[in-house]
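From just these sequences and the hints, can you work out the full model?
The C-terminal residue of the first sequence carries number 341 in the UniProt record's numbering, and the numbering is unbroken.
Calculated directly from the structure, the hints in this document are not laboratory data.
It should be emphasised that the depicted structure is a prediction, and the values quoted were computed from it without experimental measurement.
Using N, Cα and C, we set each Cβ at its ideal position, and we do this for glycine too.
Errors might be hidden in some of the hints.
Unchecked claim - List of simulated lysine to any residue pairs, SDA-like, C-alpha gap at most 25 Å:
hint, residue 1, residue 2
1, K314, R289
2, K138, E175
3, K228, P180
4, K228, Y169
5, K326, K168
6, K256, G124
7, K118, W61
8, K314, H271
9, K118, A139
10, K256, G244
What the hints assert, rightly or not - Using C-beta positions, here's what the derived DEER-type ranges look like:
hint, residue 1, residue 2, range
11, I340, E76, 48 to 56 Å
12, H316, E220, 44 to 52 Å
13, A69, E217, 50 to 58 Å
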Amino acid sequence: MTDGTPHFNIHAFRNALVEWFRREGRDYPWRRTTDPWHILVSELMLQQTTIPTVLGRYDRWMRQFPTPAHLAAVDEQTALRSWEGLGYYRRVRSLQAIAREIVNEFGGRFPDNAEGLKRLPGIGPYTSGALLSFAFNKAAPIVDANVARVLARIDNYSVPVDSTEGQKYLWSRAESLVDPEHAREFNSAIMELGQTCCSISSPDCLLCPVRPFCSAERPETLPVKNPKPQVTRVEHHDILYIRGKSVLLAKCPEGKRHAGMYRFPQREDEHTLSLPHVLKQTYSITRYRVTRYIHHVTDTPLLREGEEFVPLDKIHGLPMASPDRKALNSPTLGKLLDHIR
DNA sequence: AATTCGGGGCC
DNA sequence: GGCCCAGAATT
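As structure tokens, this is what we get:
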């Protein structure tokens, strides 16, 4: 059933969804504000990151950087350190670049149109629509994983939602559905529906406010997605080398993964590999399944580009990826580092 | 059109 | 362990 059929009354659909949201919608910090800076921070944090994770970080970030000027004023290292643990660190670089542009070029004001917003780094179709609707209450469409799931089910649409054709269809559909009178609430509502009634594996259609408008025959089988890339297993060998009260760390180069962040130096030579490891970790990063060994080196290693000795009391302030921070805070390494504390 | 970029939470 | 996510940028 689509809005071309006599059964689909678009006004009734919008009203049912918005009224349900007014009753049942959950309270998030980013739903208590229309300040574009606060909305922008929440949207960048939430890109490919779950609400529970962001809830644990959002308020602290907003206290530290209450305005674009606050983030614009600190160095990149500080921004990365504050983002630590959230991953996809390009997001915080984009956020800081936006903050500086807003302050220095736009007199502290955000663009309120899609063309202006999409020119900013890290802002694509979704985040642009989110800012326009959540901050400015403009009738811009949004399509995220929640909206894609809801729309695919409502239309019983079985083309992969992550295909070009699927994306084109969903964006067009979202644009035709968004309520021009209540854009902010409508977009919040359709996302909320995807998180609650219209969840992935066990949709609760009995509680769904828009069930009369839904064509899904087997909702749990929708949406269809393209297959994921295969997981590759890799092994990394890194070193812990202590000199005086300092530890040898490497700064990750620009343009690569974890750019600007610090890590334990990598060594894959036979001598290092022959040393027993003091720590073994396994973790996943994007499509890689990593087994990582940290070897305790006592002979002075040859220093490489980007490697430097960092006093132990300075390491806390440097940005590190989660596995490295966890390694540093592990009891095993902690015991070794206690000697130089 | 495919790949790169993290990490935590959940099952 | 595998799966998922309030995506965007790059190749």
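Query raised in the report: Are the Cα positions of K228 and Y169 separated by 25 Å at most?
Result: holds (21 Å)
Query raised in the report: Does the alpha-carbon distance linking K326 and K168 stay inside the 25 Å limit?
Result: This hinted pair is violated, its Cα atoms lying about 42 Å apart.
Requested in this report: Indicate whether the distance between the beta carbons of A69 and E217 respects the range 50 to 58 Å.
Outcome: holds (53 Å)
Query raised in the report: Is K228 close enough to P180, meaning Cα to Cα at most 25 Å?
Result: With a Cα-Cα distance of about 36 Å, the restraint between K228 and P180 is violated, given a limit of 25 Å.
**Report entry** Pair hint outcome, K118 versus W61 [Cα-Cα no greater than 25 Å]
**Finding:** Distance of about 24 Å is within 25 Å: holds.
Query - Given hint E175 paired with K138 - CA-CA distance at most 25 Å - result: holds (12 Å)
**Report entry** Hinted pair K118 and A139, Cα distance within 25 Å
**Finding:** holds (16 Å)
Query raised in the report: Given a hinted range of 44 to 52 Å, is it respected by the beta-carbon distance of H316 and E220?
Result: Between H316 and E220, where Cβ atoms are some 46 Å apart, the hint holds.
Query - Straight-line alpha-carbon gap K256 to G244, limit 25 Å - result: violated (31 Å)
Query - Satisfaction of hint between G124 and K256, Cα-Cα up to 25 Å - result: holds (21 Å)
Report task. With a cut-off of 25 Å on the C-alpha distance, tell me whether K314 and R289 pass. Result -> violated (30 Å)
Query - Status of the given 48 to 56 Å range, CB of E76 versus CB of I340 - result: violated (28 Å)
Of the numbered hints listed earlier, those contradicted by the structure are 1, 3, 5, 8, 10 and 11.
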